[in-house]
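Dock the two chains into a complex; use the hints.
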Amino acid sequence: MTDTENQNVKIKARDVTVHYGEARALHGIDLDLNANEVTALIGPSGCGKSTFLRCINRMNDVIDGCRVGGTVSIDEQNIYSDAVDVVELRARVGMVFQKPNPFPKSIYDNVAYGPRIHGMAQDRATLDEVVERSLKRAGLWEEVKDRLTASGTSLSGGQQQRLCIARAIAVNPAIVLMDEPCSALDPIATAVIEELMEELRRDYTIVIVTHSMQQAARISQRTAYFHLGDLVEHGQTEAIFTKPQNQQTEAYISGKIG
Amino acid sequence: MSTSFLFLCLLGLGSFSFLFGRRRIRALSGAVSVKQHSRDVYHGSFVALCAVLVPLIVLLAWSGLSPLLLDAMLEDFLRRQSPDLSIGEMGVLIAKVKAYSVGSLPEAFANDLIRNGSDYFALLRSNSNTARSVAVILLALGGLAYGAGKLAPRFTARPAVERVFEVVMIIASAIAILTTIGIVLSLIFETFRFFDKVPMMDFLFGTSWSPQIAIREDQVGGSGSFGAIPLFAGTMMITFIAMLVAVPIGLMSAVYLSEYANPRLRGFAKPGIEILAGIPTVVYGFFAALMVAPFLRDSGADIGLTLSSESALAAGLVMGIMIIPFISSLSDDVINAVPQTLRDGAAALGATQSETIRQVVLPAALPGIVSAILLAISRAIGETMIVVMAAGVAANLTANPFESVTTVTVQIVMLLVGDQEFDSAKTLAAFALGLVLFFITLMLNVLALYVVNRFREQYD
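So the protein sequences, as listed, match chains A and Z.
The numbering of the first sequence is the numbering used here, which starts it at -9 and goes up by one.
The numbering of the second sequence is the numbering used here, which starts it at 59 and goes up by one.
The shape of chain Z in the complex, shown without the other chains (with noise of 0.2 Å):
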């Protein structure tokens, strides 16, 4: 039986249960006097956990675990046969056998191992699967037994089916957490490879990036050098023209649309304004490439600069457009959030409307704009699509904004598109160009809790 058929089995089956868990315990409660512990849903819902929960586990499992064994059966099965393959040729055989069990090898290409390969791979194959279907269906039965023999009128069933759904959201705060744990953990542990490749130093505090290194031995080639620090002041230099560009617009708009703007116009402003954030940053990425950075360039040889065609100018431009609404929306919610009543005061003081909001409301406000602000430079950080395609990809290091520059996450394309071994230094500084990004972000968003948190004034 196929996973799909056995898992709607088991949901037709939980059905069943339910239904007959919550008739049985009727019919209990029924004949005896005792007042029922738990509602007729709960006792239903357990006959129908004790059912299908087990053999649910068991199947995923058996799902994910047993081509593993079946591939180690099948490659035992076949060094038997021919005991003097090398690991790279016993890797092409057994895709070739694989293929042809599922009929996409042409006959033509088959010989009598791969053939013999194939019909021992099959019968594994329905082995395991009948196997499954047996131990499946089994436990469900016997499940559904043991629940069902467990209802009483003074059963605490709901308890127990509470207790099983608390773990299921336990499970699956857990997936995020390890999963990011295990994305760490990996990209500290590449990171280590690579510094035994290239020293750490030369990593961090080198200013010539040319990861071009020999994928032959005896290629001619340079042997590469990995400074990161082009890489960074390319990515920096972005950021802080994005901001330029974002925090006075972004703050100015959050001012407006609070303060000044009336509802009916704030109604569809903010909507309006919250599009942007929903663009894809691929078509922002092409809109910098092929309009904005021509004209940068053209406009620019107008006045007698001359602009490189991908300039840091357009990309951060551009991506200062794209982080305006992060700032001008995470900056609205927080002046909102500024009591009506300390507009009040300043307003019968007699200030006027801009002394009220840049001498009360802003300082109010500021923690929140300064965490809203600290989010978007980890956001520009991290973008990546809009500085592939308008950035450029030659490390210069440079203060200069009209010239070419590149980023940590461009480089990181760059490191791994292509073919590549996968322990080579090339795609090993990938990892370590992650884990220092990650480790900046990490940091910029600590700052920006630590900077809500301390200095924010508590209304009631």
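Same shape as in the complex, but just chain A (with noise of 0.2 Å):
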């Protein structure tokens, strides 16, 4: 199932399994995600959405017990080989989780802890404007600048997220993975990460997981739906959501399961 209509592959996976311990959750994933694309990921709970997001940046190492088979690879390199660091990996690859988790520092800080750890800057004034330019292309810039030094826990669940958003691109990765970003936000501040993810994938290579259908219609240029582990469907979000090819899409998305 490899989309041949396009060029500008970044993410290519392929027969990629997980196993939790017995339990298998995804069963031979292939998936081309484009540069510069907003990428949904769409499926009812338990489908494997978000344990596929998760191979991306390899964050199913930490878990106990997950093996994770086949290939992902970015810019053709397979990040799932022996010469791949995965600490240098994560700092290409940003992550934004579902629950807000700014760490119990200043504003300043949060923002400035991926570019201290890497050594991306050398001074305090390149660290200033670092913190400066992921606040603002994060559209909180206006709403903290006077307040660098309070707490990131202070800010409402909305600042919070979007917080989180400036803290994954202050270190410059060309993709940034979301895992339901919005679930704990209100629409108000939910069209507000919408509109900076458009904004956002001038720069990066965006997947978001989602269990809206009017976000996933809203904000993507390609949908996959996963069910059950399995890759039911995957295409242009406009093809998917006007004429699925599956019936278990169809059904889904239609509102008759999930």
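Just to be clear, a hint being listed does not mean it is correct.
Said to hold, decoys possible - The following label-pair restraints were derived from C-beta to C-beta distances:
#: 1; chain 1: Z; residue 1: A232; chain 2: A; residue 2: R137; range: 35 to 41 Å
#: 2; chain 1: A; residue 1: G109; chain 2: Z; residue 2: L424; range: 21 to 27 Å
#: 3; chain 1: A; residue 1: T139; chain 2: Z; residue 2: P321; range: 38 to 44 Å
Claimed, not checked - Quick look at which bits of chain A chain Z covers, simulated, 3 or more residues with Cβ under 8 Å:
#: 4; segment: 41 to 54
#: 5; segment: 75 to 82
#: 6; segment: 97 to 107
Said to hold, decoys possible - Here are some chain A residues the structure puts well away from chain Z; computed CB gaps all over 12 Å:
#: 7; residue: V58
#: 8; residue: S63
#: 9; residue: E133
#: 10; residue: T180
#: 11; residue: D193
Everything labelled a hint here was simulated from the structure, so no lab data went into it.
Since the structure is predicted, the reported quantities are computational estimates derived from the model, not experimental observations.
Virtual Cβ for every residue (Gly too), placed ideally from N, Cα, C.
What follows is the structure, encoded as structure tokens:
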């Protein structure tokens, strides 16, 4: 099921399987994800979409008893090969989680954390600049520029999530993974973050897991539908939502199952 | 009837009342069509409580107070027989009479006065006993009748029974609080008596501690000096050494267990460390005195250091080992309470595991860790057995950990062993030391609570 219609492939997954202990969560996924596009992964709970997302930055590594098979290549390099350093990989593949998880540090230190551990800023001025640029891109700068020393946990939920996005893009990754980033937010905060994704896709490859069909339709260029650990159907978002090829996909997006 | 037999009687009567009440309410409710308010079991309990509660209180009060009353009556009786005895002689006589009445004073030591007194005392006791038995049993039967009379389908037995149990629980918690208040008040009271004899400033800021004072008026001996500074300095030094050992080891083992160890290893390593907390401190004490202190002295001699055979270092090291499980166990709990999402967030930014722990997990857990350390310090300050055995009793004011020092707790022990008059400055000094110790540990605990509440991050 390889997409042949485009040449701009950033992430290439081939025969990806994931086991949690004895249970198999993903059954051989083949999927190409394009650069400078938002790809939405949709499907009912437990279908494996989050598991697949976490394969892209090897976050499954930290889970006890989790085994990943197959290959995931970013820019033609298999990230599961021994030559790849997972720390370096995660600097290239940022991630935003379902629940906002700012560190219990100041707003400034939250954003500066990644650049600091990767030695990306040599002096304070450069770091200040990175923090300001990241917060601006995440649309949070105007709200927090006067209280950068306040704790990140003192912000509202929507602000916290934008802080986490700023934190993720501060290390200048090529890819940003988002695991249901708006599920804990109200519609206004959600709209702000959706606008932001549209803006970010010019520079980054974005993969988002979402439970909201409307959100997938609004923000993504491509959509992949997962069901029970299988990739059922994927393609242009418009095509998936207007004329799905598969019965299951149609049932899900029209609200009959889920 | 003996106290225990009466108690058993009450127990039996209580059980009977319960069954009787339950049966009676069934019969009463069966006869009418009204809906019963409380379940049968509450009616049974109500009757049982009516039958047992008041007699039980009377039994306990009588058993507690009657010996005092009987002693007073016996003394009155003996005083009338021989009016010119001194208070001390009277005390001895009363003790002899009581001993004779239970048969532990040999016949050869008895005289007529003792025999008469003993007969009188036996009579008093048997009268008191009979009166007690009659009172308790009458009250119990009366309570049973009263409770049974109250039973009716619409009688609100459940709230009544629950109120009784609520009061019982209030009393239980009041006992703990009142005991604490009582101890603190007696400490304060005796401390003020001590300050009548020794000026407060001399005690708090004096640098010489030698509490040897004359027991008899005519004895040759110093008047004693009660400067507590050497004691507090010794306590602080040993506590400091203990913390130097316990904080790094405890913290690192907590980090290892919560962040690195796999679940199986953690499953037996954590209880294994906690076993350290179960070793009696007296065992640590002779371990320190018989093995660690000589070992330190000998190895110190090898590299040209002079260690006294009872050194602050030995006591501090062993105390540090003892404190490890406090710090590691409490820190392990707070580290585990740091949400996994924070670790994921740091890992997703490309932080290594050690960066995640140092820069994200430990700062988030810091308030809890600080309070664990403060609690461990208050535990170390109050620790007695190890320092009694390993640190020595000489009140040296020194900053050299190789020398023998003494601590507040050791000196409290030293002041109170042996025969003393209760109101001598030496004995009262123990109360003053105890009060200061209590104050310090109280402040540490309050500080620990404050740190936790003030700096805790709220995670939902």
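Checked hints:
1. Z:A232 x A:R137: 35 to 41 Å: 49 Å, violated
2. A:G109 x Z:L424: 21 to 27 Å: About 25 Å separates the Cβ atoms of G109 of chain A and L424 of chain Z, which means 21 to 27 Å holds.
3. A:T139 x Z:P321: 38 to 44 Å: 39 Å, holds
4. 41 to 54: Three-residue rule met by the segment 41 to 54 of chain A, so holds; n is 4.
5. 75 to 82: holds (count 5)
6. 97 to 107: holds (count 3)
7. V58: 16 Å, holds
8. S63: With a cut-off of 12 Å, S63 of chain A remains clear of chain Z, as the shortest Cβ separation is near 19 Å.
9. E133: About 21 Å separates E133 of chain A from the closest Cβ of chain Z, which puts it past 12 Å; holds.
10. T180: 19 Å, holds
11. D193: Correct as stated: the minimum Cβ-Cβ distance to chain Z is 18 Å, above 12 Å.
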